[in-house]
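**Q** Fit chain B to the given chain A structure using the hints.
The chain contents come next:
There are 2 protein chains.
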Amino acid sequence: MTTTAVGSRELPHPEREDIRLEEVLHALADPMRLRVVRELAGEGRELTCSEVELPVTKSTSTHHFRVLRESGVIQQVYRGTAKLNGLRRADLDALFPGLLDRVLAAAALQCERLDG
Amino acid sequence: MTTTAVGSRELPHPEREDIRLEEVLHALADPMRLRVVRELAGEGRELTCSEVELPVTKSTSTHHFRVLRESGVIQQVYRGTAKLNGLRRADLDALFPGLLDRVLAAAALQCERLDG
Numbered sequence: 027m028t029t030t031a032v033g034s035r036e037l038p039h040p041e042r043e044d045i046r047l048e049e050v051l052h053a054l055a056d057p058m059r060l061r062v063v064r065e066l067a068g069e070g071r072e073l074t075c076s077e078v079e080l081p082v083t084k085s086t087s088t089h090h091f092r093v094l095r096e097s098g099v100i101q102q103v104y105r106g107t108a109k110l111n112g113l114r115r116a117d118l119d120a121l122f123p124g125l126l127d128r129v130l131a132a133a134a135l136q137c138e139r140l141d142g
Numbered sequence: 027m028t029t030t031a032v033g034s035r036e037l038p039h040p041e042r043e044d045i046r047l048e049e050v051l052h053a054l055a056d057p058m059r060l061r062v063v064r065e066l067a068g069e070g071r072e073l074t075c076s077e078v079e080l081p082v083t084k085s086t087s088t089h090h091f092r093v094l095r096e097s098g099v100i101q102q103v104y105r106g107t108a109k110l111n112g113l114r115r116a117d118l119d120a121l122f123p124g125l126l127d128r129v130l131a132a133a134a135l136q137c138e139r140l141d142g
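Taken in order, these protein sequences are the chains called A and B. Sequential numbering from 27 applies to the first sequence in this note's numbering. Sequential numbering from 27 applies to the second sequence in this note's numbering.
Here chain A stands alone, though its shape is the one from the complex:
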């Protein structure tokens, strides 16, 4: 876990080469975290934590975003007082080609199946 911190408000992120498959899978293995990832992928832009509505408390939500960040699935950057979340798609696609897309497709199929 390294970061090129230039200020106290920079959050630690793993470098690309330190991202591990097992931790990415663990991060994606939770319904709330999978929902965050689907929303970020669907919107195709950075979102604040409050733009991603989760039916959990604020502290639980913060926990989920932290697990996603520490595993290398998302980056979190402060812009003023807002924390912006973005998918690390380039890093994930470089390390694990096609994996994120397969997980997103599987999640979409499962949603259709369970809601249909």
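Hints are computed from structural coordinates only; laboratory data are not their basis. You may find that some hints are simply not true.
For each label pair, taking beta carbons as the anchor points, the in silico distance ranges come out as [unchecked claim]:
#1 Gly142/A - Leu140/B: 36 to 46 Å
#2 Gly106/A - Gly68/B: 46 to 56 Å
#3 Glu43/A - Ala108/B: 37 to 47 Å
None of these values were measured; they are calculated from a predicted model. Each residue gets a CB set at the ideal place from its N, CA and C atoms; glycine is no exception.
**A** Just chain B now, kept in the frame of chain A:
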């Protein structure tokens, strides 16, 4: 979790429609369990638990195989006194097309990267 038990030694497995993406990802998110899945995929046949050598105690190994079975990733069938383990590839491929192959490829790439 249902099973068509005809004897006391049949182990419970989820039906295909009860397999959930989050549980499959959780099952795959552990280095030892990922290793089991890679060996089963690589051998392309059923293996006994002792044929899959893991650097853990027997009870830990049994736990990992149970997590894989209960999530729907593998089936475990008694043949005499041996418990045979097989990947539920048809079920996983039907529910989550391409996912298992992407995970296996990602695991192989990561191994190369870390060992290389």
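**Q** The structure should be examined with respect to each hint, and the outcome stated for every one.
**A** A quick look at each hint next to the structure:
1. Gly142/A - Leu140/B: 36 to 46 Å: holds, 41 Å
2. Gly106/A - Gly68/B: 46 to 56 Å: Taking Cβ atoms as reference, Gly106/A and Gly68/B lie about 51 Å apart, which means the hint holds.
3. Glu43/A - Ala108/B: 37 to 47 Å: The hinted range 37 to 47 Å holds for Glu43/A and Ala108/B, with Cβ atoms some 41 Å apart.
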